[in-house]
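Novice: Sequence:
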Amino acid sequence: MKRRFASWGLCLGVVLVGAQLLRAIGDSSDPAEKICAQNLHRAGTAVLMYFQDYDETLPLVYERETPSSPWLWNEPIPVPSDWRNANSRRGLSVWVNSLTPYMRASRWNLYCPATLPAKVSGVDYTTRVKSPVGVSYTYNGYLHAYPGALVERLEDLPVIWEGLGREHLIGFAVANPYLRCDRADKPCLYTPCTDPATTYPRGEVRLPRQSVWIHRGGMFFAMLDGKLVTRRLGARLAPYSTDPAIDPFDQYDSNGIPAVARTNACGHLPLFAPR
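Numbering (this note's numbering), first residue to last: 1 to 275.
FYI, nobody ran anything at the bench for these hints, they're computed from the structure. A portion of the hints provided could be inaccurate.
To be verified - Each pair of labels, with its calculated beta carbon distance range: (1) Asn85 x Arg232: 21 to 29 Å; (2) Pro196 x Ser121: 26 to 34 Å; (3) Pro147 x Thr66: 19 to 27 Å.
The beta-carbon is built from N, C-alpha and C at its ideal position, and this holds for glycine as well.
All chains should be built: construct the whole structure from the sequences, respecting the hints.
Specialist: Pasting the structure below:
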């Protein structure tokens, strides 16, 4: 246990490793790629700072209106929380809004400029008190309020990534993958898949509606140990399969849009599982 906590204490130092990748990206001719790398590197650092301040527990991904209410596991989070209503506190405690104080700027850039805007269905965008913020980055929903002491895959576990592909949501953020926490009588905490009939909560995945081919070097992932890495998603098109050790999706079309997610029997993506 002491060794586990010591490894978390070293994570803030490890973030300096990401500077090497940032310098390499800075030498490229794609300014959007450089901006996205910087955004995700800062986001990963913010998660580690939050973790240190909140008893070595990772940020919330979902919220509920009262302690006895069901978790709002499938609802997008408004960003900022009060853009539609000045008195609203909806989403204020969830990752996308709770990480803001840890960023070097007053508000960190939440979307990659290489992505396309998309509105959330059913939302009245004409009724607002301030401008909504676009969000293209997604949080690993398995890490909702997850204790650091239980994390076994610290060095290769994605925490924030470009999980919507070449798209950003106007005024809202989502997790991907995420947990189906639809029971108020059970804790919303990731549990490894044993028996699909009894494992709770089950997992859900959002398939990107736009291409995963965002950057020339691949898609960016901020890892839980502070590193920033790239992965070449959609390297092979259907009917051929991609590498399951790298890519959480498969059966890509010619536009780089996947048709399936590589989940286990409980609906979890193994590449994002903390243990």
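Novice: Which of the stated hints cannot be reconciled with the structure, identified by number in ascending sequence?
Specialist: 1
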